[in-house]
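Visitor: Spelled out from the first residue to the last, the chains are:
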Amino acid sequence: MAALLHLRDKQISLIILVCFGFFLFFYGTDGFTAFTAEKARTNKLLEEKPRLPEVTLEDSMGRKYGFEAISDKYIFMTFFYTGCTTVCPQLERNVAKVYEQIPENHLGEDIVFLSVSFDPKKDVPEVLKRYGSHFGSDEETWRLARVPKEGELKQLLDEFGVIAIPIGDGDFQHNVAFYLVDRKGFLIDVMDYNDIGGAVERVMEVLDRTKEG
Amino acid sequence: MKRFIYGLLLFAFLAMPPIVSFLESHMLLHMHVQMPLLAFAGMLWTPFLQAKFPRFFSRWNEDGVPGIVLVSLVVTYWILPRAMDEAIQFSSVEVFKFISWPFFVGVAMKDSWKKLKGRQRLFSTLYFSFIYGVMGFVYIFAGEQLCNNYLIVEQRLLGWSFLAISLGAAFYRLRNEALKKRDAAAGRKTKFGS
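Protein chains in written order, with our numbering: chain V, 186 to 398; chain H, 53 to 246.
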């Protein structure tokens, strides 16, 4: 204790600063777990585990249904728009790679792949059909759909933390990920869309678990 | 006093909403124009603040080390990709940016730099060069979007600018030190010679 009395002012200010720095980084990175805003968003989503809201989808075959029509299965979801020339084609190519690696007996039985467009004005069923055929969608086990009602789309994007900002010329600035929804309609994982092996592993893990259970 | 007012004007200019949104529309402007200019405004305030609160500075920042530690901490925080995103997303973080850059970087830097010894200055510069260099590599080679509000192209550009600043600062400081050493050696020689 006596040593404390001999601290010089500059040493005290250093101690205060070190504490300040620690708290700054601790709060700024959620306890050193999230150094990017995207990671922070994902962490928060996984904590909250939002449920799919009630929306009406319209798929590439023009069928209209709600999530409840497919939600007795796991859903491997992505969000995209067909006018996108940068990251979306890569995202859907990566979805195709994951899709190809899932054993056929699971497809459509235990899991459905669903790519949701957030540009309902342009992405009408015919456009989705053409787009999906490029990537090998069979329109049944891998469906492409839009959410025609603006309000419902916004609700879905908000729930899943998808940011899609129109930036003119029909383009959007948006974040990208693989979303995995369980059989009850709850979001259970948000995955790196570039880590195909990791995504396949995670999907197989949940599929195997349900088989045992 | 004049400098203090210029500092205030600069700060007020930077805080104008159209200027804020313009400078934050590009990653490079956000990181290497807006933030340093805020620090510069703080530097302009420093002589006034030093005259107003002389005891505060001499007491808590006696040898300049606490000040430069504060600068290092705050700058390191702001070069995290998340900090830039959150400044745009949350107004509390934006307010923190407009306080931390002028006071914790600008004022602290201005008050500390002259008090530091040559070796401490060299060390500080090398630290900033190092973290800027690391961030340069991170932003150039990340391959994915690190900031939700900025495109990958901008991210790469920012990476290269980080690298350029890093190398430039390190080169400048090392050369300065070398020159000083040479002059000192020459000075000693003439002294002994005469």
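Be careful, since some hints might not be right.
Unchecked claim - Calculated cross-link-like contacts (lysine-lysine; reagent style DSS-like; alpha-carbon spacing at most 30 Å): (1) H:Lys169 to V:Lys195; (2) V:Lys334 to V:Lys306; (3) H:Lys104 to V:Lys195.
To be verified - To give an idea of the chain V side of the interface with chain H (calculated C-beta under 10 Å), a few residues: (4) Leu192; (5) Asp194; (6) Lys195; (7) Leu199; (8) Val203; (9) Thr214; (10) Ala225; (11) Asp367; (12) Gly370; (13) Phe371; (14) Asp377; (15) Tyr378.
Honestly, the hints are just simulated from the structure, not real lab data. Just so you know, these numbers come straight off a predicted model, no measurement behind them. Every residue gets a Cβ at the ideal spot worked out from N, C-alpha and C, and that includes glycine.
Visitor: Take the hints in turn and mark each one as holding or not.
Guide: Quick rundown of the hints versus the structure:
1. A threshold of 30 Å between alpha carbons decides the hint, and for H:Lys169 with V:Lys195 the separation of about 16 Å falls inside it, so the pair holds.
2. With a C-alpha separation of about 10 Å, the suggested pairing of V:Lys334 with V:Lys306 holds against the 30 Å cut-off.
3. For the hint linking H:Lys104 to V:Lys195, the alpha-carbon distance of about 20 Å falls within 30 Å, and the restraint holds.
4. Checking V:Leu192 against chain H by beta carbon gives a least distance of about 12 Å; that is not within 10 Å, so the hint is violated.
5. For V:Asp194, the shortest C-beta to C-beta distance to chain H is roughly 5 Å, which falls under 10 Å, so the interface hint holds.
6. Below 10 Å, beta-carbon pairs count as interface contacts, and V:Lys195 has one with chain H at about 4 Å; its hint therefore holds.
7. Interface restraint check for V:Leu199: the shortest CB-CB distance to chain H comes to about 5 Å, inside 10 Å, so the restraint holds.
8. For the restraint placing V:Val203 at the interface with chain H, the shortest Cβ-Cβ distance is roughly 8 Å, inside the 10 Å limit, so the hint holds.
9. With a least beta-carbon distance of about 7 Å to chain H, the hint placing V:Thr214 at the interface is held under the 10 Å criterion.
10. Hint on V:Ala225 holds. Least Cβ distance to chain H is approximately 6 Å, under the 10 Å limit.
11. At its closest, the beta carbon of V:Asp367 sits 26 Å from a beta carbon of chain H; the interface hint therefore is violated under the 10 Å criterion.
12. Annotation: interface hint on V:Gly370 violated; nearest CB of chain H at approximately 26 Å, more than 10 Å.
13. Given hint, V:Phe371 at the interface with chain H, is violated; its Cβ is 24 Å from that chain's nearest Cβ, farther than 10 Å.
14. Evaluation of the V:Asp377 hint against chain H yields a held restraint, the C-beta minimum of about 8 Å falling below 10 Å.
15. With a cut of 10 Å, the hint placing V:Tyr378 at the interface with chain H holds, because the nearest CB-to-CB distance is about 9 Å.
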